[in-house]
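**Q** One-letter residues, chain by chain:
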Amino acid sequence: MAAESGKRYGGVAVALHWLTAALIVANLILGLSMVPLPISPKKLEWYIVHKWIGITVFLVTCGRLLWRKIHPPPPLVAMPEWQHRAAAAVHAILYALLVLIPISGWIYSSSTGVQVVYLGIVPLPDLVPKDRVLASVLKAVHVTLNFSLFALVCVHVAAALKHHFVDRDAVLARMLPASKSKANAS
Amino acid sequence: MNALLRSLVLSLGLLHFTADPVLAQGVLVDKSEIRFVAKQLGVNVEGRFRKWKANVTFLPGDLAKSKVELDIDLGSIDLASDDSENEVKGRLWFDTARFPTARFVSSSIRSLGGDKYEVAGQLSMKGLTRDVVVPVVLRKDAAGNSAAEGSVTLRRLEYRIGEGLWADTGTVADEVIVRVRMVLPPTG
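From first to last, the protein sequence lines stand for chains A and B.
If you're matching positions, the first sequence starts at 1 in the numbering used here and goes up one per residue.
If you're matching positions, the second sequence starts at 1 in the numbering used here and goes up one per residue.
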């Protein structure tokens, strides 16, 4: 493909991108399937794992933003100006959601009186006191933000596929893991 | 046993009126609370009881005549969600249909010096009675009220709370920390 070395995202950026993708797909499925379960020890475990994955997404996203500052992304692929702007807006909102959704979940957990202990090792402080009314509001916020993320990810994926299969440009390829023949870049 | 518990609960309302008016101190319910912290898969889970009755007579100068009686409406538990509240009211946990109330009655109160006391008594839950000893700190606030704060670690399995699939203490720890804060108006 047209993915010339140097115009690709770096290996770290690519790895963190796909790690994030895998984590949010897993956590969305976990989140949607755990909520309707009747209460059982299994359900409690799933909630805890859901919170761990969410905090991991938060940390990975902070890492990505930092990495992006130090290693700016490759120059933009040629396309109409409005597409550049749309892409920049979608990326900015995606990053914002990846930071905000885990925080909303953490505050939601605090408001229900349930502490978050990351990986069972690091206790996170309760950001708000236990409060049923606040909890119902925060639950709605957490769910709404997630559906927003889902909708935006659909747009993100659709755009990437359109660029790849219709425009046949390098937009998607430069974010795919480098194939062996092109692994000389790093 | 159950009938006895119920008659005790029913007579509690009377206790308020029959107790010596000089000794009985109405607890300031709005300022008082009964909270607890349980541990679920290593994670602290907080809750409290919304409804309870207390009959407290606390005379630092006459501990022999001092007494604490608490009746806690277990169905009034405040937990993370309606689901978890309904679960703990169920048969495997409190079984509130058969055992609606937890009752604590002090048997002796002794001074540990300064503002520290030790309240010993019996706690009954789910038809089981166990001895408990609660260290209490008594402090006066600006309004002249006395705030008694006690904290005690209970073992839920001693009362058969959380049976069957919930008996595993790896899921829900045996120890539950109960914190009681009772605020009493000035005496005399």
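Since the hints were derived computationally from the structure, they do not count as laboratory data.
Wrong hints could be hidden among the right ones.
Heads up, incomplete: computed chain B residues facing chain A, CB under 10 angstroms, no partners named [as the list claims (entries may be wrong)]:
id	residue
1	VAL43
2	GLY47
3	PHE49
4	ALA64
5	SER66
6	LEU79
7	GLU163
8	THR171
9	ALA173
This one's a predicted model, so the numbers in the text were calculated from it and none came from an experiment.
Built from N, CA and C at the ideal position, the CB exists for glycine as well.
**Q** Each hint needs a verdict: does it hold in this structure or not?
**A** These are the hints, each one checked on the structure:
no.	hint	result
1	VAL43	5 angstroms, holds
2	GLY47	6 angstroms, holds
3	PHE49	13 angstroms, violated
4	ALA64	39 angstroms, violated
5	SER66	32 angstroms, violated
6	LEU79	7 angstroms, holds
7	GLU163	13 angstroms, violated
8	THR171	4 angstroms, holds
9	ALA173	12 angstroms, violated
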